[in-house]
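Model the full assembly from the supplied sequences, consistent with the hints where possible.
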Amino acid sequence: MRLIDLPRTTSFRLALLFVVLFGLSSLTLFGFLYWRMEGFLVSRVDDWLIRERIDFLREEPARLPLRLDNRARNAASDERIIALFDAGGQRIAGNSVAFPQQIPVFDKPFEFVLPKEDGKDRFRGLVHRLPSGSQILIAQNLEEIQEFDQVLVNALIWGGAITVVLGLAGAAGVGAGAIRRIDAVTLAIERIVQGDLSSRLPTRGTSDDVDRLVRVVNGMLDEIERLMQEVKGTCDNIAHDLRTPLTRLLGGLERARRRAATVDEYAAAVDEGIEETRGLLKTFTALLRISEVEDSVRRAGFVPVNLVEIAKDVVEFYEPYADEQNVTLTFRADIDAAQPISGDPSLLFEAIGNLVDNAIKFTPGAGRVTVRVFHHDRTLGVAIEDTGPGIADAERDAVLRRFYRAEKSRSAPGHGLGLSLVAAVARLHRMELIIEDGRPGTTFKLQSDTQSG
Amino acid sequence: MARVLVVEDDAQTAAEIVGALVDHGLEVDSAATGPDGLLRAAAGGYDAIVLDRMLPGGLDGLGLLSTLRAVGVEVPVLILSALSAVDERVRGLRAGGDDYLTKPFDFLELTARLDVLMRPRGALSPETALRVGNLEVDLLTHTVRRGGQLIDLLPREYRLLEYLMRHEGQVVTRTMLFEEVWHYRYDEPTNVIDVHVSKLRRKIDPEGAAPMIQTVRGSGYVLNAAD
Numbered sequence: 001m002r003l004i005d006l007p008r009t010t011s012f013r014l015a016l017l018f019v020v021l022f023g024l025s026s027l028t029l030f031g032f033l034y035w036r037m038e039g040f041l042v043s044r045v046d047d048w049l050i051r052e053r054i055d056f057l058r059e060e061p062a063r064l065p066l067r068l069d070n071r072a073r074n075a076a077s078d079e080r081i082i083a084l085f086d087a088g089g090q091r092i093a094g095n096s097v098a099f100p101q102q103i104p105v106f107d108k109p110f111e112f113v114l115p116k117e118d119g120k121d122r123f124r125g126l127v128h129r130l131p132s133g134s135q136i137l138i139a140q141n142l143e144e145i146q147e148f149d150q151v152l153v154n155a156l157i158w159g160g161a162i163t164v165v166l167g168l169a170g171a172a173g174v175g176a177g178a179i180r181r182i183d184a185v186t187l188a189i190e191r192i193v194q195g196d197l198s199s200r201l202p203t204r205g206t207s208d209d210v211d212r213l214v215r216v217v218n219g220m221l222d223e224i225e226r227l228m229q230e231v232k233g234t235c236d237n238i239a240h241d242l243r244t245p246l247t248r249l250l251g252g253l254e255r256a257r258r259r260a261a262t263v264d265e266y267a268a269a270v271d272e273g274i275e276e277t278r279g280l281l282k283t284f285t286a287l288l289r290i291s292e293v294e295d296s297v298r299r300a301g302f303v304p305v306n307l308v309e310i311a312k313d314v315v316e317f318y319e320p321y322a323d324e325q326n327v328t329l330t331f332r333a334d335i336d337a338a339q340p341i342s343g344d345p346s347l348l349f350e351a352i353g354n355l356v357d358n359a360i361k362f363t364p365g366a367g368r369v370t371v372r373v374f375h376h377d378r379t380l381g382v383a384i385e386d387t388g389p390g391i392a393d394a395e396r397d398a399v400l401r402r403f404y405r406a407e408k409s410r411s412a413p414g415h416g417l418g419l420s421l422v423a424a425v426a427r428l429h430r431m432e433l434i435i436e437d438g439r440p441g442t443t444f445k446l447q448s449d450t451q452s453g
Numbered sequence: 001m002a003r004v005l006v007v008e009d010d011a012q013t014a015a016e017i018v019g020a021l022v023d024h025g026l027e028v029d030s031a032a033t034g035p036d037g038l039l040r041a042a043a044g045g046y047d048a049i050v051l052d053r054m055l056p057g058g059l060d061g062l063g064l065l066s067t068l069r070a071v072g073v074e075v076p077v078l079i080l081s082a083l084s085a086v087d088e089r090v091r092g093l094r095a096g097g098d099d100y101l102t103k104p105f106d107f108l109e110l111t112a113r114l115d116v117l118m119r120p121r122g123a124l125s126p127e128t129a130l131r132v133g134n135l136e137v138d139l140l141t142h143t144v145r146r147g148g149q150l151i152d153l154l155p156r157e158y159r160l161l162e163y164l165m166r167h168e169g170q171v172v173t174r175t176m177l178f179e180e181v182w183h184y185r186y187d188e189p190t191n192v193i194d195v196h197v198s199k200l201r202r203k204i205d206p207e208g209a210a211p212m213i214q215t216v217r218g219s220g221y222v223l224n225a226a227d
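Residue numbers (the working numbering), protein chains in the order written: chain U, 1 to 453; chain W, 1 to 227.
Keep in mind that the hints were calculated from the coordinates and are not lab data. Owing to the predicted nature of the structure, the values given are computational and were not obtained by experimental measurement. Glycine residues also receive a C-beta, built at the ideal position from the N, C-alpha and C atoms. Wrong hints could be hidden among the right ones.
[Stated by the list, open to error] Estimated spans, in silico, between C-beta atoms of each pair:
#1 Val216(W) with Thr379(U): 41 to 47 Å
#2 Arg248(U) with Arg94(W): 41 to 47 Å
#3 Leu93(W) with Thr450(U): 29 to 35 Å
#4 Ala210(W) with Pro340(U): 57 to 63 Å
#5 Gly63(W) with Gly219(U): 53 to 59 Å
#6 Thr379(U) with Ala2(W): 53 to 59 Å
#7 Thr450(U) with Asp194(W): 48 to 54 Å
#8 Arg259(U) with Ala225(W): 24 to 30 Å
#9 Arg332(U) with Arg69(W): 46 to 52 Å
Pasting the structure below:
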């Protein structure tokens, strides 16, 4: 992570935005507070001014100068001043202050400035004109209010500074955390891009938004890895499985070229070649069919079908073959299994047929194969049970792979694509292909959840 | 001699199809584009048309076919396509196609299906019996006799035999049998059909008699009167 990247991260910007928003709202709140506080203090001063004015109005005018002088002498401070002036503005009694130079309105509070030894003082006061023509000034020094203001503003500045510093630090922290996380994810992705498909993006295990995204991506990677392995396995297997017939074909043709002398011999070689090529074509057709079936567009051709009918047709179709192989083929169906489902009858026939075909092929003489259509616990499906040698646990997943042929069945005819096709048909019909240990033998199940349709 | 029009844009595929059909004893014309195919087909004189689904020239196979049907040309049409998806097939047949074949296909499959398509359709009077050599099928009672000897067949075996007899002397492929007798379709049916056919053979051919159902090299059968 580089520091220069920090301001570009979303979390940093978000944190910054919050700092700014918080600052603005604090400023507004503070301003409002300041305004109301100031108003409150000033109105208190005004209240006092008016109270004093009324008080002095009640006083005998002749006693006023004496009382004002007494008051000025006894006052602890000259915070609040009251002084009497004659009509010309000369002081007669009270606190010794100069008469304000301008008086906007009589009997209304106003602010004015008076000089003092080291500068000037701000006052708020009012002037009342007595019937005698002399004027009385009542005022309060505003220094205290100003000090209060100062404290308030200082608090604002410090509070603001702390907020900004903490906010920035928080934003940097959050941004750095995000960068570390993104860096870790980026690194993992780069590793994957470079070919390490088994690598996964790191999660925190907190189920936060990034974790959720990472989990989806990891799921996608699992699927990609599975597909890649399947493709690789398929390619390997195609190459492997096609090499044998191609070698035979080539060998036959070369032998004919070398040895064949008569038309009959050539014809025999050509027939052999045709036979091999037909087998190859068959394998390719099977491959094409699987990828076509996997293309879910085919669902457009779905019609309502009945698994019981199809399974019964399959059993009837395979009965002579089972007879020939000395295998007893029986059919059973649960009473409520005859439910219409949406599907492609030919594909379902082919899938069930493939499973039955395999079961018969891999069940030794005098064995039994049972096709059972079941419907219980909201699961509808077909089970094909055989009494054959069974499939080793280790091979159960592998048999679904294209071209895979269990060790025991290497010698049996077939191209090893049957179960892949069944799996593809199952996926197309949103069914599950399950391989179970039949003890003895194997059970293949094609089943779907009737709830989800 | 029956005349067939092949409408196929790929020159090599067209040449192979034409070659196979000529070898099968048909007189063959070919067209490489939709408009050309439409002109030739509309001019008439063909007993069947082999039509590629994808064609250049602004008029594809299905368009050509709908146009032909719209102007009342009822010649049987077999559609060729690289797609075997069911809805593709349904769409092809709905547009007026009589049969559908997915590439790559065996030429035997093509010629066998064409033969069935070109079989003279007429005989409106309902048949009540089929007869090939000394093999007789009563279509009303579903009884089968060979040389007067009653043969007991299972229902499916009966339908297999009926189909073979209706196409006496014509090659029918496994795929066609599977489609017509079992009513399921896939392009690569298993050899299990052979088991059904050999069972049927054992039932209809008495000891020592010449077999009536012959296997055609590749993937088909033909039923002939035993001589």
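Here is how each hint holds up against the structure:
Hint check: Val216(W) to Thr379(U), Cβ distance near 45 Å, so the stated range 41 to 47 Å holds. Here the CB-CB span from Arg248(U) to Arg94(W) is close to 44 Å, well matched to the stated 41 to 47 Å. For Leu93(W) and Thr450(U), the Cβ-Cβ distance of about 32 Å falls inside the hinted range of 29 to 35 Å, so the restraint holds. Take Ala210(W) and Pro340(U): their Cβ atoms lie about 48 Å apart, and the range 57 to 63 Å is violated.
Here the CB-CB span from Gly63(W) to Gly219(U) is close to 44 Å, at odds with the stated 53 to 59 Å. A hinted range of 53 to 59 Å for the beta carbons of Thr379(U) and Ala2(W) is consistent with their spacing of about 54 Å. At about 37 Å, the CB distance of Thr450(U) to Asp194(W) disagrees with the hint of 48 to 54 Å. In this structure the hint that Arg259(U) and Ala225(W) lie 24 to 30 Å apart at CB is violated, the actual value being about 41 Å.
Between Arg332(U) and Arg69(W) the C-beta distance comes to about 47 Å, which sits within the given range of 46 to 52 Å.
Consistency with the previously given hints fails for numbers 4, 5, 7, 8, ordered from lowest to highest.
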